[in-house]
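K.L.:
Sequence:
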Amino acid sequence: MSQKSYDNKPTLYLIPTPIGNMEDITIRSINKLKEVDVVFSEDTRETLKLLNYLGISKKLISCHKFNEDKAYLKVIEYLNNGLNVGLVTDRGTPIISDPGYVSAYNVIKEGYNVVGLPGPTAFVPALITSAINPNKFLFFGFLDSKKSQKKKQLQELKNLKYTIIFYESPFRIKETIELINDIMGERKISISREISKKYEEIYRGTPKSVLQELPDPKGEFVIVVEGNNSEENYDDIDVISHVKMLIEDGISEKEAIKTVAKLHKLSKNDVYMMVKGVRI
32 MSQKSYDNKP TLYLIPTPIG NMEDITIRSI NKLKEVDVVF SEDTRETLKL
82 LNYLGISKKL ISCHKFNEDK AYLKVIEYLN NGLNVGLVTD RGTPIISDPG
132 YVSAYNVIKE GYNVVGLPGP TAFVPALITS AINPNKFLFF GFLDSKKSQK
182 KKQLQELKNL KYTIIFYESP FRIKETIELI NDIMGERKIS ISREISKKYE
232 EIYRGTPKSV LQELPDPKGE FVIVVEGNNS EENYDDIDVI SHVKMLIEDG
282 ISEKEAIKTV AKLHKLSKND VYMMVKGVRI
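The number in my numbering is simply the position in the sequence shown, starting from 1, with 31 added.
It should be emphasised that the hints constitute simulated quantities derived from the structure, not laboratory data.
We treat Cβ as the ideally placed atom computed from N, Cα and C, and that holds for glycine.
Treat the hints with care, since some could be wrong.
Derived pair list, reagent style DSS-like, types lysine-lysine, alpha-carbon separation capped at 27 Å [to be verified]:
(1) K249 - K239
(2) K178 - K96
(3) K167 - K140
(4) K63 - K40
Listed next, with one range per pair, are the computed distances between beta-carbon atoms [to be verified]:
(5) M32 - K249: 38 to 48 Å
(6) G172 - G216: 18 to 28 Å
(7) G250 - K296: 26 to 36 Å
(8) S298 - D74: 47 to 57 Å
(9) Q243 - S33: 50 to 60 Å
(10) K177 - N52: 12 to 22 Å
(11) P165 - G250: 44 to 54 Å
(12) G216 - K293: 17 to 27 Å
(13) F202 - D74: 16 to 26 Å
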């Protein structure tokens, strides 16, 4: 299903807002906030502050992760009536680790246009100031809040050659850096906080050195982690032991077999048959 974004069809506009510094909002975002008939907002109180700053008066309707599965119906109702809708989150670009996906997905299903405006998002400035190779990178977003699941996710990511970007809250940042050190080992890392604000800080080094510098965490954090550049040799570990080791680290048997097959240059079926011949 194709979309001609500017064919005068009623449209949902995904409008980025500043992540900290109000001057980061684009002229186009300001104009679009003026033009749309209604704005759906993650937190109407925060959006009202922005609109007051810009001198814009607009009807605001709440649309956040706890009500979006119903709020999107109201978005579609406005579009059905021939009106244009704006959608914003508290800070940054909608849908990027923020609400908006449910609305956008269902609006597209209904045949209306969804237009995303370029604008502020936290991981881009964190990446380009990290001094870590940005040529190929993976934006992961938030790791699981449960420690056991977070360990499993990091274990699955640790062999990737790409730079990896995470978001993290101040309540879990130290635990996450410790796990990155334990699971991913000593590699370059950059931690950014309060991006674009007066008290912006960036900590660069290894997980251990950053932990020593990091004060009592405040604000939202962006973690940039160097990809795995080591040339590991698995000749000294047999296939069965390797699968068992990964399972003990929290990876499912299926994923462990897949990973070991790749690292040992074997077929998944061969590894599966070897595993099933031994009690793990």
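K.L.:
Determine for every hint whether it applies to the structure shown.
P.N.:
Hints, one by one, checked against the model:
{"no.": "1", "hint": "K249 - K239", "in the structure": "holds (19 Å)"}
{"no.": "2", "hint": "K178 - K96", "in the structure": "holds (22 Å)"}
{"no.": "3", "hint": "K167 - K140", "in the structure": "violated (32 Å)"}
{"no.": "4", "hint": "K63 - K40", "in the structure": "holds (15 Å)"}
{"no.": "5", "hint": "M32 - K249: 38 to 48 Å", "in the structure": "holds (45 Å)"}
{"no.": "6", "hint": "G172 - G216: 18 to 28 Å", "in the structure": "holds (22 Å)"}
{"no.": "7", "hint": "G250 - K296: 26 to 36 Å", "in the structure": "violated (45 Å)"}
{"no.": "8", "hint": "S298 - D74: 47 to 57 Å", "in the structure": "holds (51 Å)"}
{"no.": "9", "hint": "Q243 - S33: 50 to 60 Å", "in the structure": "holds (54 Å)"}
{"no.": "10", "hint": "K177 - N52: 12 to 22 Å", "in the structure": "violated (34 Å)"}
{"no.": "11", "hint": "P165 - G250: 44 to 54 Å", "in the structure": "violated (23 Å)"}
{"no.": "12", "hint": "G216 - K293: 17 to 27 Å", "in the structure": "holds (19 Å)"}
{"no.": "13", "hint": "F202 - D74: 16 to 26 Å", "in the structure": "holds (19 Å)"}
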